[in-house]
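Asker: Each chain, letter by letter, is given below.
2 protein chains.
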Amino acid sequence: MTHSTSPYSADVRIVGIGSYLPALREANAARLAEFGVDEAFLHRKLGILARAVKAADESIRDLCVQAYRDLTAQHAIAHDEIELCCVVTQNPDHAIPHTAAILHHRLELPRACMTFDISQGCAGYACGIAIVISTMERLGLQRALLFTCDPYSKIVDRNDKNTALIFGDAASVSYLARSGPGYALVDASFGTAPGSSACLRSDDVLMMDGSAVLMNAAREVPASIRGLLVKHGLALADIDRVLLHPGSKRVVELIRSALELDPVKAPFEIASYGNTVSSSIPLMLKQPLHDLAHRRLVLSGFGVGFSWGSCLVELRSSPESANDHT
Amino acid sequence: MTHSTSPYSADVRIVGIGSYLPALREANAARLAEFGVDEAFLHRKLGILARAVKAADESIRDLCVQAYRDLTAQHAIAHDEIELCCVVTQNPDHAIPHTAAILHHRLELPRACMTFDISQGCAGYACGIAIVISTMERLGLQRALLFTCDPYSKIVDRNDKNTALIFGDAASVSYLARSGPGYALVDASFGTAPGSSACLRSDDVLMMDGSAVLMNAAREVPASIRGLLVKHGLALADIDRVLLHPGSKRVVELIRSALELDPVKAPFEIASYGNTVSSSIPLMLKQPLHDLAHRRLVLSGFGVGFSWGSCLVELRSSPESANDHT
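Same order as they appear, the protein sequences are chains E and S. In terms of this note's numbering, the first sequence has 9 at position 9, counting the first letter as 1, and numbering is strictly consecutive. In terms of this note's numbering, the second sequence has 286 at position 286, counting the first letter as 1, and numbering is strictly consecutive.
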């Protein structure tokens with residue numbers, strides 16, 4: 001019988017991240033009276049003082065192209081050898097075709113390139129990393145681009161207290177390749193609980209029950225991270241950074257507390273731009289990926305669905321991976 | 001360093017398919033005069049005499065649940081052990097959350113279950129199979145459900161000659177597991193060419209340039225299939241069935257002709273229900289999967305994007321796969 005695979009080589013790593021935050025910021029302080037909240041709420045509970053807002057005529061593809069420009073300004077990208085292009089979004093420019101096909105055209109990527117979008121929310125980057133790396137390794141693909149872009153300003157009701165102060169617009173692109181220093185996927189863990197109506201887009205407007213999302217996150221995410229580490233014989237002491245999706249300061253504090261993590265190890269740094277949904281973790285990962293000072297990271301997203309996902313990634317510093325595994 | 005994977009085991013196979021075609025059919029013959037075409041066009045070029053049409057109040061989740069019922073009527077499904085649920089669609093009930101989360105709730109799937117949707121068109125089943133099997137094998141997941149559902153009756157303008165006679169509504173679900181007889185993924189090949197505007201949903205209406213899609217398919221798909229086989233030292237003579245996405249009779253005939261395939265080997269059998277987009281190939285695969293009489297199949301989809309994808313799959317008949325690989 002035909003061999004069903006070539007020898008499996010788990011050597012794909014995240015080697016670069018480009019990002020884009022629109023320059024325009026809307027300050028939350030200006031809307032306190034309107035929503036009956038105070039400065040203390042902004043600083044202590046929400047942790048979001050301003051939100052990045054795209055221009056009305058900026059499309060998803062525009063935001064993604066800006067992120068790609070940021071990537072190419074930092075890294076030499078083998079543009080003509082990209083074999084997979086994926087966009088994580090729940091706010092595409094068009095439902096048909098997938099955004100990845102539109103970007104494929106706009107970026108003039110080669111013909112031998114798989115294109116698809118993933119619809120997932122705040123767990124979208126963890127999902128995307130797991131799916132794209134798995135597919136690359138299984139099919140023997142060398143290089144890929146994984147975009148995230150979910151500009152909620154398109155769908156948030158500006159007068160809805162439950163959503164108007166939270167979300168920021170952004171895009172990111174991760175460059176995945178088989179050589180060069182970066183973070184390889186060790187393993188990942190995912191879950192879903194009843195709660196699909198807690199964050200719902202209906203008639204093109206987002207409706208969210210923030211306290212239901214908070215409760216689900218506090219219950220599910222710490223156990224999920226612990227389970228992933230135990231499976232690999234690791235403890236939190238073996239992890240240098242836990243990049244938690246910054247849904248709000250309150251949710252990050254609850255998860256930190258459950259896992260006994262300090263703010264250095266599990267940072268929350270979105271005060272100036274907001275919760276950028278699937279782009280939040282790649283925005284946080286950009287600096288560690290630049291410094292390469294940390295050996296092991298956990299990337300953990302949660303939200304829409306209600307669903308969650310955590311990736312355990314590990315530094316590969318050699319140009320080739322084979323020697324790293326021993 | 002931590003080992004970055006458990007030993008890779010390429011033993012996931014498609015073990016069952018459930019499907020759903022709405023009972024209502026609309027006959028194309030009734031609309032010939034209106035569109036200025038004749039019976040010969042229907043029979044010789046289009047090959048579609050009637051289209052399956054869902055009820056107006058049937059949602060995507062409803063269609064998927066019907067497909068799941070068909071699956072469970074045929075197969076014992078380890079319902080409580082489903083670890084991944086994916087829906088391929090470009091026509092979700094809601095943009096947020098992903099349809100897989102809604103189905104996860106409706107089908108009462110377990111908490112330890114990854115959920116996401118894939119946005120892809122007529123290459124969606126090939127994409128979905130490659131992505132889901134790769135992810136299962138990489139993360140060590142045992143069982144998954146892969147749904148397809150793209151009821152174009154939601155978005156087709158009934159008065160548009162380019163689209164009104166072509167598409168049928170359907171849903172499918174593939175059960176993927178690591179034991180039991182079924183088809184394992186040997187390899188897959190994907191591509192994308194400029195042509196994102198040839199099939200576009202704008203303002204919730206589908207617009208399609210059928211001749212552009214036809215030309216792209218005739219140029220790209222035969223070469224893609226040949227390339228995939230050559231990579232594995234196989235010829236078309238080694239393949240028992242080539243399941244080509246039945247976009248229209250004409251496009252299947254063009255690809256058959258380029259590959260010198262006869263109609264038995266590359267069937268076209270959608271005259272009574274139409275082009276069901278990402279559900280077309282699983283509908284065709286259901287019978288071979290029941291009979292298990294064929295050793296090797298190619299599943300090839302193409303369309304929206306313009307993008308294409310082919311999976312080479314091979315029969316695994318033993319309960320465990322390890323011995324199949326030698």
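Errors might be hidden in some of the hints.
Claimed, not checked - In silico contact screen, one side only, chain E against chain S (beta carbon under 8 Å); selected entries:
#1 SER119
#2 SER179
#3 ALA188
As the list claims (entries may be wrong) - Footprint (simulated), chain S over chain E, 3 or more residues, beta carbon under 8 Å:
#4 84-96
#5 102-109
#6 128-137
#7 190-203
To be clear, the hints were calculated from the coordinates, so they are not data collected in a lab. C-beta atoms are modelled at their ideal positions from N, C-alpha and C, and glycine is treated no differently.
Asker: Checked against the structure, which of the hints given earlier come out wrong?
Answerer: Per hint list: single violation, 2.
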